[in-house]
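Go by the hints and put chain A onto chain F.
2 protein chains.
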Amino acid sequence: MTIQPTRAVQNLVPYVPGLQPRTRGYLKLNSNENPYPPAPQVSAALRKATNPQLRIYPDPVCTSLRSILARRFKIPASNFIIGNGSDEILRLICQAYIDPGMRIGMFAPTYTLFETLGQMFQANIITYPLEDDYGMPSAVFSSRVKIFFLANPNSPVGTFYPPQLMARLLSTRPRTLFVLDEAYVDFAPQHCLRLLRRFRNLIITRTLSKSYSLAGLRIGFAVASPQIISQLYKIKDSYNVNRLSQVAAEAALRAVPYFRRNIQRIKQTRARVRRELQNLGFRVPLSHANFLFAIGQQTHKIYRQLKARKILVRYFTSESHTPGLRISIGTEREMTTLLRTLKNLIRGDKP
Amino acid sequence: MTIQPTRAVQNLVPYVPGLQPRTRGYLKLNSNENPYPPAPQVSAALRKATNPQLRIYPDPVCTSLRSILARRFKIPASNFIIGNGSDEILRLICQAYIDPGMRIGMFAPTYTLFETLGQMFQANIITYPLEDDYGMPSAVFSSRVKIFFLANPNSPVGTFYPPQLMARLLSTRPRTLFVLDEAYVDFAPQHCLRLLRRFRNLIITRTLSKSYSLAGLRIGFAVASPQIISQLYKIKDSYNVNRLSQVAAEAALRAVPYFRRNIQRIKQTRARVRRELQNLGFRVPLSHANFLFAIGQQTHKIYRQLKARKILVRYFTSESHTPGLRISIGTEREMTTLLRTLKNLIRGDKP
Numbered sequence: 003m004t005i006q007p008t009r010a011v012q013n014l015v016p017y018v019p020g021l022q023p024r025t026r027g028y029l030k031l032n033s034n035e036n037p038y039p040p041a042p043q044v045s046a047a048l049r050k051a052t053n054p055q056l057r058i059y060p061d062p063v064c065t066s067l068r069s070i071l072a073r074r075f076k077i078p079a080s081n082f083i084i085g086n087g088s089d090e091i092l093r094l095i096c097q098a099y100i101d102p103g104m105r106i107g108m109f110a111p112t113y114t115l116f117e118t119l120g121q122m123f124q125a126n127i128i129t130y131p132l133e134d135d136y137g138m139p140s141a142v143f144s145s146r147v148k149i150f151f152l153a154n155p156n157s158p159v160g161t162f163y164p165p166q167l168m169a170r171l172l173s174t175r176p177r178t179l180f181v182l183d184e185a186y187v188d189f190a191p192q193h194c195l196r197l198l199r200r201f202r203n204l205i206i207t208r209t210l211s212k213s214y215s216l217a218g219l220r221i222g223f224a225v226a227s228p229q230i231i232s233q234l235y236k237i238k239d240s241y242n243v244n245r246l247s248q249v250a251a252e253a254a255l256r257a258v259p260y261f262r263r264n265i266q267r268i269k270q271t272r273a274r275v276r277r278e279l280q281n282l283g284f285r286v287p288l289s290h291a292n293f294l295f296a297i298g299q300q301t302h303k304i305y306r307q308l309k310a311r312k313i314l315v316r317y318f319t320s321e322s323h324t325p326g327l328r329i330s331i332g333t334e335r336e337m338t339t340l341l342r343t344l345k346n347l348i349r350g351d352k353p
Numbered sequence: 003m004t005i006q007p008t009r010a011v012q013n014l015v016p017y018v019p020g021l022q023p024r025t026r027g028y029l030k031l032n033s034n035e036n037p038y039p040p041a042p043q044v045s046a047a048l049r050k051a052t053n054p055q056l057r058i059y060p061d062p063v064c065t066s067l068r069s070i071l072a073r074r075f076k077i078p079a080s081n082f083i084i085g086n087g088s089d090e091i092l093r094l095i096c097q098a099y100i101d102p103g104m105r106i107g108m109f110a111p112t113y114t115l116f117e118t119l120g121q122m123f124q125a126n127i128i129t130y131p132l133e134d135d136y137g138m139p140s141a142v143f144s145s146r147v148k149i150f151f152l153a154n155p156n157s158p159v160g161t162f163y164p165p166q167l168m169a170r171l172l173s174t175r176p177r178t179l180f181v182l183d184e185a186y187v188d189f190a191p192q193h194c195l196r197l198l199r200r201f202r203n204l205i206i207t208r209t210l211s212k213s214y215s216l217a218g219l220r221i222g223f224a225v226a227s228p229q230i231i232s233q234l235y236k237i238k239d240s241y242n243v244n245r246l247s248q249v250a251a252e253a254a255l256r257a258v259p260y261f262r263r264n265i266q267r268i269k270q271t272r273a274r275v276r277r278e279l280q281n282l283g284f285r286v287p288l289s290h291a292n293f294l295f296a297i298g299q300q301t302h303k304i305y306r307q308l309k310a311r312k313i314l315v316r317y318f319t320s321e322s323h324t325p326g327l328r329i330s331i332g333t334e335r336e337m338t339t340l341l342r343t344l345k346n347l348i349r350g351d352k353p
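Heads up: the sequence lines are chains F and A, in that order. Each position in the first sequence, counted from 1, maps to that position plus 2 in the numbering used here. Each position in the second sequence, counted from 1, maps to that position plus 2 in the numbering used here.
Keep in mind that the hints were calculated from the coordinates and are not lab data. Incorrect hints may have been included.
Chain copies aren't distinguished; within one or between two, either way the pair holds.
As the list claims (entries may be wrong) - Restricting the straight-line Cα-Cα distance to at most 25 Å, the calculated cross-link-like pairs of lysine to any residue (SDA-like) are: (1) K269 / P325; (2) K236 / Q124; (3) K30 / P62; (4) K148 / Q124; (5) K236 / P102; (6) K236 / R105; (7) K236 / A10; (8) K309 / S240; (9) K236 / T319; (10) K312 / T65; (11) K269 / Y235; (12) K50 / P23; (13) K345 / I297; (14) K269 / S140; (15) K345 / S240; (16) K50 / R256; (17) K50 / A257; (18) K236 / D101; (19) K236 / S320.
Excised from the complex, chain F in its bound form (with noise of 0.2 Å):
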């Protein structure tokens, strides 16, 4: 006889990430990766920390590179907790404030992990479809719900909501916990890690997955009053950060210069792309993340096209909104090789 698992998981639809080909010769331009390699100063440091130690249990509390995200963002370091990815957290934040069939929030679109880890742990989700515009609707002032999952900027289109309107957000709804997931922030022109001293209800989430090039070794965290730390601490798997993850996490967020050069290139490129999109035909909102999303006509046929020459974006449809493709800003020949594809097609060239 086989033992069933609890009904919460024999429903489970599970979170589909965007494809990992195990082949070579993809260009991929579908997960958001960082085209750039993570700082030289990376692979000095692992080579340094491979054998012995990794015989020995990691740091538990990631102490060390807790210190390094303290001076860097001048908040106690008791402030922070690290996982295994941003995914972890976001999941862990779930697991410690969901009760089955509570009130739970979110856009439409918005990151898809949300409604995977809220059906998870069986919450009752409610959805606000954003403005045409992708603009933040006006019902979210007055939502109802413990639990509010925001990303910003927003995934799939890069929308950005600026601090002063999250201020708003937070204030005007005190009793609901705010969880925004700054995963794409370095890209934008603004964060809201200063609205923590005022806001108790709020934790941001970040991950070192796009703007430092680390999604290979999964590293992310979360910043809030100790007061929500330590709940997460109670219930993240003990040795959640392997310690060649928190070497890396640390030469990473050390090498600023690096990071900012890096961060300027692909702001730059995506300026160039969206503007050869959109002379494509293409509608292409205002991004403030490291991906561009493009409107019109046969998205579908095109993702489909796209792939079959090797290039790999993701397709994004909502019940809301016009479906599009969610394209990663890759390097300057990556994107040239790929607008030169979507111009073939277009004009119904085989390239």
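Then chain A, alone, in the frame of chain F:
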């Protein structure tokens, strides 16, 4: 105002792992880490795997690592799931199968994480005290629980329950899912993997933290029927095992002669240390793990005295059994230091 977590999390007493001193100079015999470094092939593989691929997400389902495990154990790759340490796997099992109030069983004493996880998922925990000689209590054969958690060899004593006994238990209780944690099994004379062919109510968990010297990289796995494994895949974080840990695990699993020599050395040291602890007057039950459990007078005092001399062992108490010291097997030289210090303490000399 502060937003409260769920009642289960509010009430939770977190698992306390062995002390991880951040300063050097400790003799660390408290976390059952392997005293020998990982195979040299691991460093070589890690050096090759650093920059620039770290910018890309890891394989979410560890395809290459699972195929190595499949060949090694002659079990299909679809029967495996890889975790960020076997602690993650154990948590996934609880999350997938435990409904609040559900009866789960475990020995007393055993791996203390089982109880923490049971509380986290609001199980009704039924404990079965081991016999005085740490044998399996007969009450287990009439247990009415949905899940039973066992470690084999068991902690903190190192008792090994042979596969024939496990088979009898599995066939007697076909409606109970048995989670058999074989973290230490490479130091034991047999294992239970072949029982998976006969029994669908069995999940076996393993780790590379102990016998493969990779505690710092967090790699564990579960083996069970694809029906069970698929439930765990649904709820795991998408990219739960980072790139470098996957690479290191593959290299470590391929280095079979190094692995065998390592195990052999630890077993030899274990036999010697057991005799010498017995000569010092301790009662030391037979252990098939990489640790020994020393029972005697004033073990808590000895624990503190050792700690003051920068030797860390673990002091375990239980309601049902005499307290004692769990001592991880270190190198020959480390164990000589420990035994000399113990001798001096017991004789009352100042070492």
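Right, here's what the structure says about each hint:
Taking the closest pair of Cα atoms, K269 and P325 come within 25 Å of each other only inside a single copy of the chain (24 Å); across copies the shortest separation is 62 Å, beyond that limit. Proximity of K236 and Q124 under a CA criterion of 25 Å is satisfied in both settings, with 21 Å inside one chain copy and 14 Å between copies. For a Cα distance limit of 25 Å, the shortest separation of K30 from P62 across copies, 16 Å, qualifies, whereas the shortest one inside one copy, 34 Å, does not. Taking the shortest alpha-carbon separations for K148 and Q124, both the intra-copy value of 14 Å and the inter-copy value of 21 Å come in at or below 25 Å.
Taking the shortest alpha-carbon separations for K236 and P102, both the intra-copy value of 20 Å and the inter-copy value of 18 Å come in at or below 25 Å. In this homomeric assembly, K236 and R105 come within 25 Å of each other (Cα to Cα) both inside a single copy, at 23 Å, and across copies, at 23 Å. In this assembly of identical chains, the alpha carbons of K236 and A10 lie at most 25 Å apart whether taken from the same copy (23 Å) or from different copies (11 Å). Taking the shortest alpha-carbon separations for K309 and S240, only the inter-copy value of 22 Å comes in at or below 25 Å, while the best intra-copy value is 41 Å.
For the homomeric pair K236 and T319, the shortest alpha-carbon distance between copies (22 Å) is at most 25 Å, but the shortest distance inside one copy (37 Å) is not. Proximity of K312 and T65 under a CA criterion of 25 Å is satisfied inter-copy only: 21 Å between copies versus 42 Å inside one chain copy. For the identical chains of this complex, K269 and Y235 are neighbours neither inside a copy (35 Å) nor across copies (36 Å), given an alpha-carbon limit of 25 Å. Proximity of K50 and P23 under a CA criterion of 25 Å is satisfied inter-copy only: 20 Å between copies versus 31 Å inside one chain copy.
Taking the shortest alpha-carbon separations for K345 and I297, only the intra-copy value of 15 Å comes in at or below 25 Å, while the best inter-copy value is 77 Å. In this assembly of identical chains, K269 and S140 lie within 25 Å of each other by CA distance neither inside one copy nor across copies; the values are 30 Å within and 68 Å between. When the C-alpha separation of K345 and S240 is checked against a cutoff of 25 Å, the pair qualifies neither within a copy, at 51 Å, nor between copies, at 34 Å. Proximity of K50 and R256 under a CA criterion of 25 Å is satisfied in both settings, with 16 Å inside one chain copy and 23 Å between copies.
Proximity of K50 and A257 under a CA criterion of 25 Å is satisfied in both settings, with 17 Å inside one chain copy and 22 Å between copies. Taking the closest pair of Cα atoms, K236 and D101 come within 25 Å of each other both inside a single copy (17 Å) and across two copies (20 Å). In this assembly of identical chains, K236 and S320 lie within 25 Å of each other by CA distance solely across copies; the values are 23 Å between and 36 Å within a copy.
Violated hints, listed in ascending order, are 11, 14 and 15; each of the other numbered hints is respected by the structure.
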